[in-house]
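Asks: Here is how the chains run, residue by residue.
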Amino acid sequence: MTEAVRIEELCFSHVASGLPTLDQVTLSIPPGEALALIGPSGAGKTTLLTLLDGRLRAWRGRVSVLGDALDPDRAPTRARRADTGFIFQDFALVERASVLRNVLNGRLGRMRPLRALLGRPSKDDLAVARAALADCGIVDLAERRVDSLSGGQRQRVAIARCLSQEPRLILADEPVSNLDPARAAEILSLLTEAARRRGATTVFSSHQPDLARRFARRIVGMRNGRIVFDTPTAELTEGATARLYDDANAAVQPRLKAVP
Amino acid sequence: MESRGWGGFATGGLVAGAVLWSLATTDVELSRLFSAGPRIGDFLARMFPPDPSVMTEIINGSAETLRIAILGTLGAVLLSGPLGVFASETMAPPVVHRPVRTALALIRAIPLILVAMLMVGAVGLGPLPGIIAVAIHATGMLAKFYAEAIDGVARGPIAALESAGAGPLARLRYAIWPQMAPVIARDTIFRFELNLRESLILGIVGAGGIGFYIQTYVRSFQYEKAASVTLAVIAMVLAIEAFNVALRRRFS
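Residue numbers (my numbering), protein chains in the order written: chain A, 1 to 260; chain B, 1 to 252.
Heads up, a few of these hints could be off.
As the list claims (entries may be wrong) - One side of the interface only, derived from the structure: several residues of chain B facing chain A at Cβ under 8 Å: (1) GLY5; (2) GLY7; (3) GLY8; (4) SER163; (5) PRO168; (6) TYR174; (7) PRO178; (8) GLN179; (9) PRO182; (10) ALA185; (11) ILE189.
Simulated from the structure, these hints should not be mistaken for laboratory data.
All of these numbers come straight from a predicted model, not from anything done at the bench.
Don't be surprised by glycine CBs; every beta carbon is placed ideally from N, CA and C.
Turn these sequences into a full structure, and let the hints guide you.
Replies: Below, the structure written as structure tokens:
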């Protein structure tokens with residue numbers, strides 16, 4: 001079976017965009033994996049996920065997603081983009097539209113262009129969207145406008161939109177960083193569970209190592225655009241996590257101590 | 001601190017100088033102010049009772065003003081569509097949007113009544129110069145509003161739809177348009193209200209509408225009739241405002 005993601009010697013550096021760089025990243029992820037990317041901010045987690053989603057250009061190295069090589073010069077085909085679902089840190093929902101409309105937006109890559117533009121989802125599209133709403137526990141919010149929802153509810157809508165794409169690979173960029181701890185665990189369990197039932201591969205980034213331990217089978221630590229460790233969750237030591245964040249704090253610490 | 005003190009002193013001096021210069025060089029006869037009361041009383045008395053016989057003129061004039069405002073707004077919307085795109089920071093490069101924005105600011109700086117006088121000179125009397133004047137004048141504001149509506153669109157939802165595999169047209173329809181449409185509708189209604197108010201006086205320079213009758217009746221000392229038309233104008237402005245308050249609530 002081909003890997004869900006295969007990355008070899010990937011480098012990316014684009015100072016003007018303000019995105020953290022990637023430096024010699026090599027990583028492969030088998031299908032069905034639940035993998036967490038952890039590391040301090042600026043480590044390159046978002047850059048890596050955005051790149052895998054086919055939304056970054058001008059990188060070097062070899063990257064293939066779901067068996068197809070990504071091209072650093074052009075966006076993937078619509079079908080390929082639909083196969084790869086992305087969950088945004090700030091939800092990226094259309095605020096004035098209804099929950100159902102936002103979830104149906106996830107179907108746009110699967111619909112024929114004319115049907116998509118006429119706004120006539122097929123029975124299948126509606127069925128998939130309803131199933132996604134049900135999986136996220138928001139069936140009764142379907143007609144509500146997104147701008148009337150709480151943060152946790154919004155992230156459920158964003159996940160439902162992603163699920164309605166019927167993605168084979170789910171990339172989630174800090175999906176719970178805007179939520180309180182209880183809500184965060186709830187959302188991550190919902191996401192990983194829905195992905196597992198669908199047999200989708202999941203990669204999520206987090207700056208909370210404890211959440212990564214609970215919901216991922218494998219954890220990759222990143223810092224300064226490099227992979228520092230890559231280990232099954234069961235074998236991850238406290239020391240490794242501590243070191244990952246330690247140096248990042250080290251620059252701050254002396255100044256803290258200097259305060260009388 | 002010292003420089004700031006001097007700055008305040010200089011500003012104060014400048015303002016005082018401007019006021020003194022105006023007072024000293026304007027031909028103000030204060031005595032006329034004291035005799036103004038009786039004269040205004042006389043004027044108002046002559047306006048009373050308003051003459052209702054001009055109903056036909058009021059209806060015709062109001063209808064024409066309304067037509068000028070509607071067609072002028074339509075013209076402004078058509079001009080502002082493309083100009084709004086050219087004036088937008090996200091859709092047009094600086095070499096395009098900077099000069100377009102400057103041009104729009106210049107248009108905004110010219111009062112409607114001046115544009116109308118120019119147009120009367122160009123195309124003759126009647127509603128046509130009024131319509132053209134309103135269209136040009138309103139574009140200065142509306143195109144700027146449209147550009148701001150375009151620039152105010154959040155990028156996140158567009159990226160999300162791109163990621164989901166939506167084509168460019170689908171992204172326009174489901175991510176960009178739903179964010180822009182309510183803003184554009186609100187701004188257009190607001191501009192229509194202004195157009196209607198401002199076009200009430202266009203008749204004074206011969207550019208059509210109800211203002212023509214106020215002008216005619218005052219000039220020919222038929223103050224009772226002028227009073228009726230003025231009351232009609234006030235009633236129209238109040239009606240427009242009530243209508244717009246109700247309409248805008250829908251687009252908030």
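Asks: Decide, hint by hint, whether the structure agrees.
Replies: Status of each hint after checking the structure:
Among the interface hints, the one on B:GLY5 is violated; its C-beta lies about 38 Å from the nearest C-beta in chain A, farther than the 8 Å criterion. Checking B:GLY7 against chain A: minimum C-beta separation of about 38 Å lies over 8 Å; hint violated. Taken as an interface hint, B:GLY8 does not check out: its beta carbon lies about 39 Å from the nearest beta carbon of chain A, beyond 8 Å. Interface hint status for B:SER163: upheld, as the beta-carbon distance to the closest one in chain A is roughly 4 Å, under 8 Å.
This hint is violated: B:PRO168 has a C-beta 10 Å from the nearest C-beta of chain A, more than the 8 Å allowed. Residue-level restraint check for B:TYR174 holds (minimum Cβ-Cβ distance to chain A is 5 Å; threshold 8 Å). Satisfaction of the interface hint for B:PRO178 is found here, the shortest Cβ-Cβ separation to chain A being roughly 5 Å, below the 8 Å cut-off. Hint status for B:GLN179 relative to chain A: holds, with the closest Cβ pair at about 7 Å, below 8 Å.
For the restraint placing B:PRO182 at the interface with chain A, the shortest Cβ-Cβ distance is roughly 6 Å, inside the 8 Å limit, so the hint holds. Interface restraint check: B:ALA185 against chain A, minimum CB-CB distance 12 Å, threshold 8 Å, status violated. For B:ILE189, the interface hint is violated, the least distance from its beta-carbon to any beta-carbon of chain A being 17 Å, above 8 Å.
Checked against the numbered hints listed earlier, the structure breaks hints 1, 2, 3, 5, 10 and 11; every other hint is satisfied.
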